[in-house]
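Protein chains in written order, with our numbering: chain A, 1 to 225; chain B, 1001 to 1225.
Since the hints were made in silico from the structure, they are not lab data.
We treat Cβ as the ideally placed atom computed from N, Cα and C, and that holds for glycine.
All the given hints hold, so there is nothing to weed out.
If you anchor each label on the Cβ, the simulated ranges turn out as follows:
| id | chain 1 | residue 1 | chain 2 | residue 2 | range |
| --- | --- | --- | --- | --- | --- |
| 1 | A | Q133 | B | E1208 | 30 to 38 Å |
| 2 | A | E57 | B | E1057 | 48 to 56 Å |
| 3 | A | A36 | B | Y1041 | 45 to 53 Å |
| 4 | B | E1208 | A | Y41 | 38 to 46 Å |
| 5 | A | V47 | B | E1038 | 47 to 55 Å |
| 6 | B | K1162 | A | G139 | 40 to 48 Å |
| 7 | A | G50 | B | Y1134 | 24 to 32 Å |
Sample of chain A residues at the chain B side, in silico, Cβ under 10 Å:
| id | residue |
| --- | --- |
| 8 | G117 |
| 9 | P120 |
| 10 | F147 |
2 protein chains.
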Amino acid sequence: MRCLLKGNGVPFGMVLYSYFRSSASYRVRCALHLKAIEFEYVPIHLVKEGGEQFKPEYKMLNSMSQVPTIVDGDFVLAESMAIIQYIDSKWKEPPLFPKSPKQWAPILQVCEVINSGMQPYQNAIVMSRLEKQYGFDEGKRTEWVRFFMSRGLESLEKILSKTSGKYCFGNEVTAADCFLVPQIFSADRFKVDVGPYKTLQKVYENCEKLSAFQNAHPSKQVDFQ
Amino acid sequence: MRCLLKGNGVPFGMVLYSYFRSSASYRVRCALHLKAIEFEYVPIHLVKEGGEQFKPEYKMLNSMSQVPTIVDGDFVLAESMAIIQYIDSKWKEPPLFPKSPKQWAPILQVCEVINSGMQPYQNAIVMSRLEKQYGFDEGKRTEWVRFFMSRGLESLEKILSKTSGKYCFGNEVTAADCFLVPQIFSADRFKVDVGPYKTLQKVYENCEKLSAFQNAHPSKQVDFQ
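Next up, chain A with everything else stripped away, as it sits in the complex (with noise of 0.2 Å):
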């Protein structure tokens, strides 16, 4: 991990802690691309030297030593959810929420799902507390995943064969495909068949052929293995 501050002790410009793999790393990076905000990428492994997200000096930024965080001039913020509404309100094209509260908030519904619903049962502190404190092996541990995830996979099919367009919500991008994508990803990694969700199928392809997608994948990160 680098020097956080920079200079005379104040970052400047937009710096995304991110790791290539994290999820809700990958969510705001497709968030950033798709505003074309242009941003320092600092790389947090989550794995090496027992994780760098616990280093004192990182957990200054992020008190739950998770990544994302992003700093802005000097404001500092964690949590995806929270950063990609921030981001959203400040640089306002193309919104990735529409204006009016019965249409952005099942977009947020939808967020949720994957938010709490899902990614907290896939992600490096369950994984590494169900591995050291309760001996669940390799195949144990993507039975866990897998349970949890195709509950949600199932949900959202369910709501997004009713809401989607070429995106998950009609033919514009929102903030759903920036927490679908990831999703779908991560899927992908646990080896969960996605062939049954045919919408969720059709929205991460739409999603892929864009370039600000492309760029936040994983596989196009400066810290991928």
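Given chain A, put chain B in place with the hints provided.
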């Protein structure tokens, strides 16, 4: 569970599907009472008869089979984070988020530390899965919950020790308080000692003096057991 739709098939007013002990339901009850919104309370028992949340008529409203769900007129919305932001946008007073992004984004961050960083590890589906699939007895389940809860409480204490006044952010109640109070209630339920978290205790005690939080408390709900 009573009939989900009234009269001509379209519900009117605000309806909250809730379980007295669900901390996500509790958050929404805090918001509704703070805004003084009249609502009809429909209990969804998460345990009885295998769980009312799995009944087909409820799954039509909430494809994740979770509480809470609101029905506002003919508008159905799930996920407490989405619901609270929706409520705040429609009923302006008192505001649960300040207007400036650099003020509301850290509040969202705190909500998410709880919403995606703590609650997913203590909710009904996880407790049931740990018990039935992996044979975790009560002691082992409690140990599981306490690990994730302590981690979150430590993070919250660090953040809120810098931002709090009477409440999480200064001297006005915000959405963060609607998330914190139910989480402290859950900590008590799992016998996690909140003694070391002086800021959280202070905020909790100040919130509990307000009638909105008193009325939202699990013990005040019609389905309390």
